[in-house]
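Number of protein chains: 2
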Amino acid sequence: MKKLTDLQALINEAVDKLSFPETPADLYEPISYILALGGKRLRPALLLMACDLFGGDVEGAVQPALAIEVFHNFTLMHDDIMDKAPLRRGQTTVHEKWNANVAILSGDAMMVESNKLMMKVQDAILRRVMDVFNETATGVCEGQQIDMSFEKRQNVSIDEYLTMIRLKTAVLLGGTLKIGAIIGGATSADAQLLYNFGVNLGVAFQLQDDILDVYGDPGKFGKQVGGDIISNKKTYLLIKALELAKDAQADELSNWLNNQTFDAAEKVTAVTGIYSQLQIRQYAEQAMQTYAEQAFGALDSINLPEERKQHLRFFADHLLVREH
Amino acid sequence: MKKLTDLQALINEAVDKLSFPETPADLYEPISYILALGGKRLRPALLLMACDLFGGDVEGAVQPALAIEVFHNFTLMHDDIMDKAPLRRGQTTVHEKWNANVAILSGDAMMVESNKLMMKVQDAILRRVMDVFNETATGVCEGQQIDMSFEKRQNVSIDEYLTMIRLKTAVLLGGTLKIGAIIGGATSADAQLLYNFGVNLGVAFQLQDDILDVYGDPGKFGKQVGGDIISNKKTYLLIKALELAKDAQADELSNWLNNQTFDAAEKVTAVTGIYSQLQIRQYAEQAMQTYAEQAFGALDSINLPEERKQHLRFFADHLLVREH
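Read top to bottom, the protein sequences are chains A and B. Each residue of the first sequence is one higher than the one before, starting from 1 at the first, in this note's numbering. Each residue of the second sequence is one higher than the one before, starting from 1 at the first, in this note's numbering.
If you are wondering where the hints come from, they were derived from the structure by calculation, not from laboratory data. Some hints here could point you the wrong way.
No more than 30 Å apart at the CA atoms, straight line, and that leaves these computed lysine-lysine pairs for DSS-like [to be verified]: (1) A/K234 <-> B/K267; (2) A/K97 <-> B/K97; (3) B/K267 <-> B/K220; (4) B/K220 <-> A/K97; (5) A/K97 <-> A/K17; (6) A/K120 <-> A/K309; (7) B/K234 <-> A/K97; (8) B/K152 <-> B/K116; (9) B/K97 <-> A/K233; (10) A/K97 <-> B/K309; (11) B/K267 <-> A/K120; (12) B/K40 <-> B/K309; (13) A/K84 <-> B/K84; (14) A/K84 <-> B/K3; (15) B/K97 <-> A/K152; (16) A/K97 <-> A/K267; (17) A/K84 <-> B/K267; (18) A/K152 <-> B/K220; (19) B/K233 <-> B/K40; (20) B/K220 <-> A/K116; (21) A/K84 <-> A/K120.
With the sequences and hints as input, model every part of the structure.
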């Protein structure tokens with residue numbers, strides 16, 4: 001049984017060895033560039049961990065694990081165009097460093113590369129693996145589209161929000177783990193349980209992220225605390241507050257959302273005050289807890305001795321109890 | 001043995017039946033929209049013809065044929081963003097009707113859909129088919145990138161131009177035919193011959209298109225005659241002329257290329273005059289002939305009775321002897 005850090009190191013080494021043709025340079029250099037920006041390589045490492053969980057050959061799963069990393073970075077390259085993001089991991093984004101056309105086309109080529117890497121599994125599981133991969137890719141596209149549509153919409157329900165975060169980020173975690181399980185020789189039932197573990201964990205993690213953005217320790221949380229409030233981002237907290245606020249409270253919240261000029265600290269204090277009155281933090285933590293329990297419930301149900309699951313459980317525990 | 005028009009009708013029917021989820025609407029409506037714009041459905045029909053050539057089950061090849069049509073339209077959707085094209089088949093392009101973000105993301109989703117459709121082949125040939133499909137997709141991305149790079153470059157060689165048209169359009173024809181052949185039960189050797197037929201035919205067709213743009217009958221050629229000359233498009237003819245022109249001729253050609261204001265008819269006449277002096281038409285027709293002969297040579301070598309090849313030969317003859 002291998003530890004997450006060892007698996008991340010294995011992936012880092014394999015990413016460094018990934019090579020693409022030299023020409024056309026404007027097609028392949030952006031791919032090498034975005035992959036070299038780093039990141040924690042959590043998803044591919046988790047694919048290996050899922051494979052290892054069922055006693056599979058971890059080395060043999062490295063190429064499909066890279067497929068997940070390449071796919072994920074393809075979505076980042078295209079998302080950054082759509083979001084007009086200037087930076088990715090502190091470095092200039094591809095569409096800024098080159099241009100939008102290069103980022104569109106290199107992203108397309110990356111998706112093809114990810115398909116090729118994912119094909120590097122045994123014939124006996126090829127269709128199962130590719131079916132999961134394709135379904136995952138569809139989910140990620142749907143999630144991104146729903147997320148973009150939220151910016152233009154006034155009313156978003158909690159259910160719609162949960163669907164969005166599930167598709168946009170959680171299904172990739174679930175799909176990654178399921179593919180690792182299939183490569184590792186898991187039964188269909190166990191592979192599906194690991195998928196459920198991943199999806200629920202992913203949703204719980206996103207909800208925790210929403211909570212930490214408001215209630216995190218500024219010294220330990222990696223982002224500006226209150227950033228979501230300042231930018232009117234539709235998070236679980238804001239959507240729940242809009243659902244529950246009545247009369248004067250609703251007016252106050254609406255004013256803060258519509259004000260074009262405001263003092264940022266004042267807005268964060270005021271909106272957080274409304275959240276407190278409405279017990280929004282408790283609602284959010286309850287929802288997060290529910291998803292976390294479903295995740296751990298799925299992990300518990302997997303038909304393996306507990307000691308085999310320790311690394312995955314440790315990872316999930318660690319993910320959901322970040323310092324805040 | 002089925003005729004091309006029958007196969008096109010079969011594809012049209014299948015395209016009409018293709019359905020996508022209702023939501024997110026901005027992800028799936030653009031896919032239905034671009035597919036409904038029509039087109040001759042030549043590529044998918046040729047996949048069926050290749051399958052039929054080897055006695056395969058044409059009905060069973062319809063889904064992979066649709067994969068080619070969906071893939072082709074995905075590339076058009078993204079190309080139109082890159083080219084800032086306002087119209088596609090006389091209708092508003094997706095990025096104009098919706099916006100560029102929608103066109104990027106719907107294109108991505110289309111590529112996933114095309115992969116899913118291509119997976120609908122028997123397990124025994126799944127890897128071979130997907131390998132050809134992925135290689136084809138890589139080629140198309142490379143070709144588009146090389147084509148974009150030509151706009152910024154002064155000197156493009158004939159070899160580079162031939163590589164570009166081969167990748168951008170001809171490998172898709174070759175890949176389509178090869179996939180059809182594999183589904184139809186062809187040997188590897190015959191499938192490869194059909195690939196060679198398609199690629200060479202595709203290059204010959206592009207060269208013919210370059211020739212017709214200058215020498216076609218205005219009443220029969222679908223586009224404005226001389227359009228390539230007016231827009232300084234780097235075609236086989238222009239590249240060859242730049243290679244061969246010397247002294248005063250080279251200066252005159254260069255002046256026409258650099259003039260920002262000019263009378264269009266005058267420019268077409270002058271540049272065509274230079275082409276005549278340099279016998280550019282003959283060079284282009286010779287090159288086209290060489291590719292056509294390679295295409296027909298590959299078709300001849302396929303290990304089947306001549307009468308089975310008649311529809312494919314008729315198609316190629318017809319493609320390369322358009323009215324002009």
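30 Å Cα cutoff - pair A/K84, B/K84
Holds. A/K84 to B/K84 sits at ~18 Å (cutoff 30 Å).
What's the verdict on A/K84 and B/K3, does the C-alpha distance respect the 30 Å limit or exceed it?
violated (49 Å)
Would you mind confirming whether the straight-line C-alpha gap from B/K233 to B/K40 stays at or under 30 Å?
holds (25 Å)
Pair hint B/K267 and A/K120, alpha-carbon separation not exceeding 30 Å:
Answer violated: B/K267 to A/K120 is near 54 Å, above 30 Å.
Pair hint outcome, A/K152 versus B/K220 [Cα-Cα no greater than 30 Å]
Violated: A/K152 and B/K220 sit about 48 Å apart, past 30 Å.
A/K97 and B/K309: Cα distance at most 30 Å?
violated (51 Å)
Can you confirm whether the C-alpha distance between B/K97 and A/K233 stays at or below 30 Å?
holds (27 Å)
Hint check: A/K234 vs B/K267, CA-CA at most 30 Å. Holds or violated?
Distance of about 57 Å is beyond 30 Å: violated.
For the pair we were handed, B/K220 and A/K97, check the Cα-Cα distance against 30 Å.
Judged against 30 Å, a Cα distance of about 45 Å means the pair is violated.
Are A/K84 and A/K120 close enough, with their CA atoms no more than 30 Å apart?
violated (34 Å)
Assess, step by step, whether the Cα of B/K97 is no farther than 30 Å from the Cα of A/K152, and give holds or violated.
holds (17 Å)
Does the structure keep A/K97 and A/K17 at a Cα separation of 30 Å or less?
Given that 30 Å is the threshold and the Cα spacing comes to 23 Å, the pair holds.
Figure legend: structure checked against the earlier numbered hints; hints not met, in rising order: 1, 4, 8, 10, 11, 14, 16, 17, 18, 20, 21.
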